[in-house]
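Visitor: Fit chain B to the known structure of chain A by using the hints.
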Amino acid sequence: MTSRWNRSRGKTAIAVCAAGALALSGCSGGSSSSATAGASQSSATDSTGATSSSSSSASDTSTPLPKVKLQVMIGSSGAAETDAVKAATAAWSAKTGSTVEVIAAADLGQQLGQGFAGGTPPDVFYTDASRIGDFAKAGDLFAYGDQINAGDFLPNLVQAFTSGGKLQCAPKDYSTLALIINQDLWTKAGLTDADIPTDWAGLETVAKKLTSGSVTGLVIGNDINRSGAFMKQAGGWVVSADGTKVTADTPENLAGLQEVQKMMKAGTLKFNTDTSPAAGWGGEAFGKGIGAMTIEGNWIRGALTKDYPKINAKVVELPAGPKGKGTLLFSNCWGIAAKSPNQAQAVDLVKFLTSLDQQLAFTKAFGVMPSTTAGAAKFATLYPKDAAFAKGGAYGQGPVNLAGFDPVMAAFNSKLATLGKGGDPKAMLVQLQKDGDAALAGG
Amino acid sequence: MAKKKRRNIHGRDGVAGWIFTAPMILILGLFLFVPVLMALYVSMTNWNGNGSPFTGGHAQFVGAKNFTSLFTTEGLTRRNFMQSIGNTFYYVLLVVPLQTATALLLALVVNQKLLKGKGFFRTAFYFPSVTSSIAISTVFLFLFSNTGAVNGLLAKVGITGPQWFSDSRGLLHLVFGWFGMHDSPGWGQTDIFGRTLWDWLSGPSVAMCVIIFLAVWTTTGTFMLLFLAALQDLPVEVDEAASLDGVTRWQKLRLVTIPMLRPVIFLVVTLGVIGTWQVFDQIYVMGKGAPANTTMTPAFLSYSQSFTSLKYGSGAAMAFIVFLIIVVLTAIQRRLMREDRVPRRSRRLVASAPPDQRGPELAVMAPTRAEDK
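Line by line, the protein sequences are chains A and B. Its first residue numbered 1, the first sequence is counted upward by one per residue in my numbering. Its first residue numbered 1, the second sequence is counted upward by one per residue in my numbering.
Derived by calculation from the structure, the hints in this document are not laboratory data. Each residue gets a CB set at the ideal place from its N, CA and C atoms; glycine is no exception. Among the hints, erroneous ones may be present.
Unchecked claim - Here are the simulated SDA-like cross-link-like pairs (lysine to any residue), alpha carbons at most 25 Å apart as the crow flies: (1) B:Lys156 - A:Gln431; (2) A:Lys415 - B:Gln163; (3) A:Lys421 - B:Trp178; (4) B:Lys288 - A:Asp193; (5) A:Lys137 - B:Asn46.
What the hints assert, rightly or not - Facing chain B, according to a computed beta carbon distance under 8 Å, are these residues of chain A, among others: (6) Phe116; (7) Ala278; (8) Gly404; (9) Pro407; (10) Ser414; (11) Ala417; (12) Gly420; (13) Gly422; (14) Gln433; (15) Asp435; (16) Ala438; (17) Gly442.
So here's chain A without its partners, still in its complex pose (with noise of 0.2 Å):
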């Protein structure tokens, strides 16, 4: 049966494919035909972008926009965000008499896809920051960042969803890592908050005086979304800030990495495949009490909260490193579709879902930071245990945001993750240089 089941799925991809296409050239087709009116994909999204911003000019004159019935898309979190997007878009609702139908992805990137080849992708839907080259590239999104107010977000969050030149959505909210220390493990190993460590010798001393029989100082996730935070702290990235070079082979980003396989080494940090029992993540170590500390984002605070409510946490920022603080940024935007046909009022949703009050509604429900500078300060003072988490928002790093480099960055996750085994850091930086230069050269 398995061997049947196979079959099917594995010609799902050519399927889809296929039947995606044949319903274009069947049905859709028309609509296609009229978007792009046979001009080709930029000029069309050129003049779909005119046409709408031209009607939301309309609506600034408050001329009421038509009502429509809007598709948003997240990948959700649980149910705790499905509730708390569905009752913000009901708000929106109520507001202007359009209808929103909020869908939660089992698989957002593949739903996407399927949306985008098809011809009718949902109008409004998450977008990951390391997610927009690739999407901005192909033409899927509608750049509508000269409609809303750039400078009212974080300057790094605006960076991170920018591409080509342009800002491409309006940021969601955003995560930063922070240094989580379990409270009872470290005054039992005698450490007092004057020991919190605010540089990387002050890291390596206390990780070493936490760790004792089956704990371990710092145990973190296993690929660059951890470890790339020391790279970040020698002074290095894999880009280069304006994202047109690829910077992986330097002496700063190898002292990074030289700086976690040193405290390997020492057996005072370890990558959650590593420890014994291994852990799914970094989280999860850190709440069985296997590792005294982990870097994590605030989306722990939720998971610690619901699976080991005993952990004392405290939240403090990263230690600065030999060039100074650094941290990594995640985020998601409110991505537009090229080709809906209502994007003006997906604007105005979007508009609506990045106001202050629903940000904080939002972070109030499934704790992500608002994406706003206003919203952060707020967030920190509302929250001043998770204020380290908004610190990070001023000098964090969001991802890799280039087209074709998701496979680069899987690739070089694959060799990070040996690092604990032996692996070389400069033979891993000199691949991802060379991969990195490749894909944008557009190989």
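Guide: Structure of chain B alone, referenced to chain A:
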């Protein structure tokens, strides 16, 4: 005149035949053949998933570039593709023989006349096949987790189980390690399609072994059913005659039963090869290629190349290469299992055996008789 008339009759027969088959030809053509041709066209374009690849200039025709670059262009895509081919090669190499042998064994067991509770065993063995492979994969994730049941059992007998899903070491590399060969020797540095010979010879990783075990466990039931049907279709008189001739059970199995089952074995192996080369859902659930890409398969890579990297042309090209591999392997297998080969060998065996052990001679007759039916 008569000739013409006959032709007319045949002509009308032809029309009737076409009318009767037309619905199926139409359905198959529309939903199978045409989509395959469309996918073939996509594999020769640089379509990025935006708009239709067939109209409006959304995709440019690039000829065979997507295919050739998988073999000739040095880079990440080729490296991943070649690794996925290597992984799946070992997967097929282990799964197909194991599942065929186990299925045959189980079929023989539940086909015994003396076995009690036959219905129960048949159902039990078939059960994994009718369960959703996603559900089974999830259960396996728990079984083989580091603190799971499997490692728990191993610990009871004093073995520290490996970290199944994060262990990327290849089985053959582990075996080489026992003989003191821990790192790639000089000859292992030979580069074949961007991977060293040493990497090609890694064998399936520990994580892949879990998936191999899972695949054998789930598919065996289906193939057991095929074998069981074939076993029950075998002529009883041949069996009895063999018994009368005084063959041992092993001889009867080797020289009477298995040769008669050859068409079914061919079917099972063919289905096995096709199914295993296209393995996707288990990979999707159990780690998406992790650890270190050692569970990456071409089907999954084709998917991620299309839907994540938005390179649908290259993804479709991978799928067609797998299609070609399957066709070639099936052709080879057809040659190896050709009807006339095995009987000739048995004939030689029989001729060389002492006269009092000639019972199995019947085996030579068996296939012909099975066919006559």
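Visitor: Hint by hint, say whether it matches the structure.
Guide: Hint-by-hint comparison with the structure:
A distance of roughly 43 Å separates the Cα atoms of B:Lys156 and A:Gln431; the hinted pair therefore is violated under the 25 Å criterion. For a cut-off of 25 Å, the pair hint linking A:Lys415 to B:Gln163 stands: about 17 Å separates their Cα positions. For a cut-off of 25 Å, the pair hint linking A:Lys421 to B:Trp178 stands: about 19 Å separates their Cα positions. A distance of roughly 42 Å separates the Cα atoms of B:Lys288 and A:Asp193; the hinted pair therefore is violated under the 25 Å criterion.
With a C-alpha separation of about 13 Å, the suggested pair A:Lys137 and B:Asn46 falls inside the 25 Å cut-off, and the hint holds. Taking 8 Å as the C-beta cut-off, the interface hint given for A:Phe116 holds, the closest approach to chain B being about 5 Å. With a cut of 8 Å, the hint placing A:Ala278 at the interface with chain B holds, because the nearest CB-to-CB distance is about 5 Å. Given the 8 Å rule on beta carbons, the hint for A:Gly404 holds: about 7 Å separates it from the nearest Cβ of chain B.
Hint status for A:Pro407 relative to chain B: holds, with the closest Cβ pair at about 6 Å, below 8 Å. For A:Ser414, the interface hint holds, the least distance from its beta-carbon to any beta-carbon of chain B being 5 Å, beneath 8 Å. About 7 Å separates the beta-carbon of A:Ala417 from the nearest beta-carbon of chain B, less than 8 Å, and the hint is met. The criterion of a C-beta within 8 Å of any C-beta in chain B is not met by A:Gly420, whose closest approach is roughly 11 Å, and the hint is violated.
Hint status for A:Gly422: violated, given a least beta-carbon distance of 11 Å to chain B, over 8 Å. Checking A:Gln433 against chain B by beta carbon gives a least distance of about 12 Å; that is not within 8 Å, so the hint is violated. Here the hint on A:Asp435 is kept, as its CB sits about 5 Å from the closest CB of chain B, short of 8 Å. The restraint placing A:Ala438 at the interface with chain B holds, with a minimum CB-CB distance near 5 Å, inside the 8 Å limit.
Interface restraint check: A:Gly442 against chain B, minimum CB-CB distance 10 Å, threshold 8 Å, status violated.
Violated hints, listed in ascending order, are 1, 4, 12, 13, 14 and 17; each of the other numbered hints is respected by the structure.
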